Amino acid sequence: EALALWGEVAVEGKEILLKASFNSPDESPATTSPEMLAAVIEQLRARRCGRIRLVERSGMGRTRDIWDRLGITDLARRLDLALVPLDELAPEEWRHAELSGSH
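Following my numbering, the residues of the sequence shown are numbered contiguously, the last one being 107.
Treat the hints as calculated values from the structure; they're not laboratory data.
Note that this is a predicted model, so its numbers are computed, not measured.
Where a beta carbon is used, it is the ideal one built from N, C-alpha and C, also for glycine.
Do not take every clue at face value.
If you anchor each label on the Cβ, the simulated ranges turn out as follows [claimed, not checked]:
(1) R99 x R55: 13 to 23 Å
(2) L83 x E16: 10 to 20 Å
(3) D84 x K23: 17 to 27 Å
(4) E16 x D91: 24 to 34 Å
(5) R99 x K18: 13 to 23 Å
(6) R99 x A8: 31 to 41 Å
(7) G54 x S104: 30 to 40 Å
Given the sequences, and given the hints that come with them, work out the whole structure.
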């Protein structure tokens, strides 16, 4: 129902950086449910988006370990979703970006 409210989100051909919440190894509602994540990805793909990357840094342990425990790694494999665990990025891989309309 909430996804129907998206209306005309212009994502066609654009790379998507998707930020869900995997702050702990606890299942939903503490984290984003795999079903909800899959539904969002389905909607983005229906709008013919480009590559989708799931970007996260967990606050309670290694992000990749938490994804594994919650089944997100398997989901990403099935849905051709790129995983970007921010806690594995070296400092030189970070850059500051001023994004119009962001906060």
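Checked hints:
1. R99 x R55: 13 to 23 Å: Since R99 and R55 have Cβ atoms about 19 Å apart, the given range 13 to 23 Å holds.
2. L83 x E16: 10 to 20 Å: The hinted range 10 to 20 Å holds for L83 and E16, with Cβ atoms some 18 Å apart.
3. D84 x K23: 17 to 27 Å: Since D84 and K23 have Cβ atoms about 18 Å apart, the given range 17 to 27 Å holds.
4. E16 x D91: 24 to 34 Å: holds, 32 Å
5. R99 x K18: 13 to 23 Å: About 19 Å separates the Cβ atoms of R99 and K18, which means 13 to 23 Å holds.
6. R99 x A8: 31 to 41 Å: holds, 35 Å
7. G54 x S104: 30 to 40 Å: Hint violated: Cβ distance 20 Å, outside 30 to 40 Å.
Consistency with the previously given hints fails for number 7 only.
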